[in-house]
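Go by the hints and put chain B onto chain A.
Chains A and B supply the protein sequences, listed in that same order.
Residue numbering for the first sequence follows this note's numbering, beginning at 1 and increasing consecutively.
Residue numbering for the second sequence follows this note's numbering, beginning at 1 and increasing consecutively.
Simulated from the structure, these hints should not be mistaken for lab results.
Yeah, the Cβ is synthetic: ideal placement off N, Cα and C, and Gly gets one too.
There is no bait here: all hints are sound.
Listed next, the stretches of chain A that the computed footprint assigns to chain B, with coverage defined by at least 3 CB atoms under 8 Å from CB atoms of chain B:
no., region
1, 206–220
2, 232–239
3, 363–372
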Amino acid sequence: MTGVASTGTVAELAAALRARKLSSVELTTALLARIEQAQSTLNTFVTIDAEGALEQARAADAVLTRPDEPPPLAGVPIAHKDVIMTAGLPTTCSSRMLANFIAPYDAHVAGGLRTAGTVLVGKTNMDEFAMGSSNETSWFGPVRNPWNRDFVPGGSSGGSAAAVAARLVPAATGTDTGGSIRQPASLSGVCGLKPTYGVCSRYGLVAFASSLDTPGMFARTAEDCGLLLNAMAGHDARDSTSLDRPREDYTRDLELPLEGLRIGMPAEYFGDGIDADVAAAVDQALAQFRKQGATTVPIVLPNVRLSVPVYYVIASAEASSNLSRFDGVRYGHRAKDYTDLADMYSKSRAEGFGAEVKRRILIGTYVLSHGYYDAYYLKAQQVRRLIADDFARAYQQCDVIMGPTAPAPAFRIGDKTDDPVQMYLNDIFTIAGNLTGAPGISIPCGFDRRGLPIGLQIQANYFAEARLLNVAHRYQLDTDWHARVPGGFAP
Amino acid sequence: MSTSNPATVNRWETVIGLETHVQLSTAAKIFSGASTAFGAAPNTQASAVDIALPGVLPVLNRGAVERAIRFGLAVGGNINRRSVFARKNYFYPDLPKGYQISQYEFPVVTGGEVGVASPTRGDLRVHLPRAHLEEVAGMSLHEDFHGMTGIDLNRAGTPLLEIVTEPDLRSSDEAVAYARTLHGLVRWIGICDGNMQEGSFRCDANVSVRRTGSDVLGTRCEIKNLNSFRFMQEAIDFEVRRQIELIEDGGTVVQETRLYDPDRHETRSMRSKEDAQDYRYFPDPDLPPLVIGEDWIERVRSELPELPEAMRARFVRDHALPAADAATLTASRELAAYFESAASAAGGEAKIAANWTLGEVSAALNRNDIDIARSPVSAPQLAGLLKRIADGTISGKIAKEVFDAMWAGEADGDAAADTIIDRRGLRQISDQGAIERIVADAIAANPAIVAEYKAGKEKAFNSLIGRVMAASKGRANPAQVNAILKQLLG
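Extracted from the complex, chain A is given alone in its bound form (with noise of 0.2 Å):
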């Protein structure tokens, strides 16, 4: 077996599997091997699991050798973000506080990968609890970006984005509360798609903000992120918010082409603030759909610009209800000595989380007090109602809307963990998507005079993930920013 084929895309391993050109054992062995060396250096993974990656490796050999027809992802590896539960293996949420949580059963995302018969090889780096850009709030210390180790992968998913960029695995799930899979996209250079709010149920997800976190994936084509989509999405009833609609192949309008597409540009995603290399790269990207046939139409998204505010008052709201079920009582983190409950409590919970998960705690308790409710919590859903209207108003006069994944490339690792509101304002093109549910995703479309990746983000009106990997695919068919390789990590 050679590199490159240890390091193909999801399609094309799974179609060497099928054909018997490849075995699971060889793949996952390879893989494995990459990953225990990229640990040191990048840190992407918090649990490996080689012991039973194999196991399931030789199940999906069995499977594959049989004359029936496979699962279609049948022995392509993959890995979950430590937030998603997967049963008999470690889930910690890179935290302290679950630093020895085993999770008893499976997500229902994760359940549908298995299902597929992906093989998973382990779990990925985060930013605690999923809070944050950079991860660097991870407690077991922060991922490095593939591109330039000096570098932030982007968060929350960090871990995932930088696996999946450094050909560690060629997918990863990862999960999307305000930008936490389309900005690590974004800075890592892959492609990171956040599906409609209800589409992947939530079961099994540590819940961080329940009306925002959305599952999603990282690979490096569109292609593979509807191939993964169609394993991860489909209604459960475990998940009340999760929609009961159609089943559908997300991969049926890949080739569709691009005549006549209606390209929204907000005023707001163009204006001050974009770094220049983004911005350029950005504006290429414009050109190559123009290209092929679609137009840019202008639009105004006046509300977008409250977006980070009304996204950390009702994420952080929902969070400090969320995690105070780790009280060290049942699970988790207990402190050695405490005199009374209150005390058990607070040396738990001060001892379990780090320091940015504390401060939405405390951001979320105040704004839901006793008296401010109405002025924050109350306000904010308002204004998120008014965010909505942006876009359905929006969507009147275009089909996607396209702009900057993030405002800026990479930053370096300690450069804004000292100043949260730089670090918040990373996802603020990111997080509108969230407030309204609708489905974005991130695709590589340039590197900036460092050589680091700049993402495009696409997004569109609910329900519209094959109209979007669509727009994606056709232009990584005329592009190859996705095909890079950081240095280092050739095969």
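Below, chain B without anything else, positioned relative to chain A:
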């Protein structure tokens, strides 16, 4: 404790509002599939959702909603087409999520009323501003663990309907009358088993006092967790007296939560308003608003049984029963059904069926601690007995003997009374000649009593009747005996 000085009490008016926690009789919990059965080994009925593992989510049990709808319709309230589940946030070891899912701003039922027979004010309408769905927390067990606390999460997630009254009640008697009526109603419509020992029906009482004639409410205290009608009465009486004495001594009532100690017959402060927690309520983002369609409401409405209030009125109207009897007969659906079935099988002998149901049957059930649904004497069997009284086959006195025999299982089937009457030879003697012979024998055998009678002692007559009845083993028709005796004594 009863208020000792009526003169003092008359200067004060008591104002009470009740919050009742009615545990709904669903097989599964309100947000998980785990069983709600009482009494299992600790933590064996706690699912991943109930113990709040990371990543689990609540899914609403429609059975709980259906019971709330049933209640709302039964009290004439509004079933809100859209209601919202909210999180009530606080930390406690038996609250696994760190919040309780409840309804806050938008409850499932608003409005409605319960008709209560007040001992002093007659028919009282108690208004219900709201009833909302919520889940129960687990239990903390402080005994048996030597300085530690045990947590049992079996109960966590059990569905509750919290039913709130306006401050419409003016005495502990009225509060108890309301609670009893509500207790009967929730069992009647099948939403709660009413088992107070197991905590299925518990009340919190908000109690305040004010000068008679005042229309301003006094400061209230909330007495938590009253799980028997007797405790409710005692707790409220104690609290009313405490508040009156406090104010009359120049003090002021502090708004607080109090607990009733049934051993010491007093209420004790649990926490004051200043310690009240900020629960940081907000809509639960895991649960979409609860939307209840017209068709659901109409189906539930069509399945509602006749309600106790309507049935009471019907018993008075159609069966000419006294209001008090009608009220007692409608204390439970089973009792009412027993009565109706016996009355109709006995050919419309409603009055006598009511007397027997409330008399012999209820007494025997109480004596043996048996539920009416398991009565050894079935309604048709009782009807068979009542028919024999009505047609003169047996006297009322003999009927009690037959009833006891039926209770003891001496015969089976709907005609058990006839079998026993025949087997024991209890048929009433109405043959004129036969009775004349017995009476004549009795006169001959008791010359002294006859002499007393003739000397003008009326009581001696009853004594002779007693002798005759005894000689006939109670079977002689009493009316005939009376007439014949008078005639023979000349």
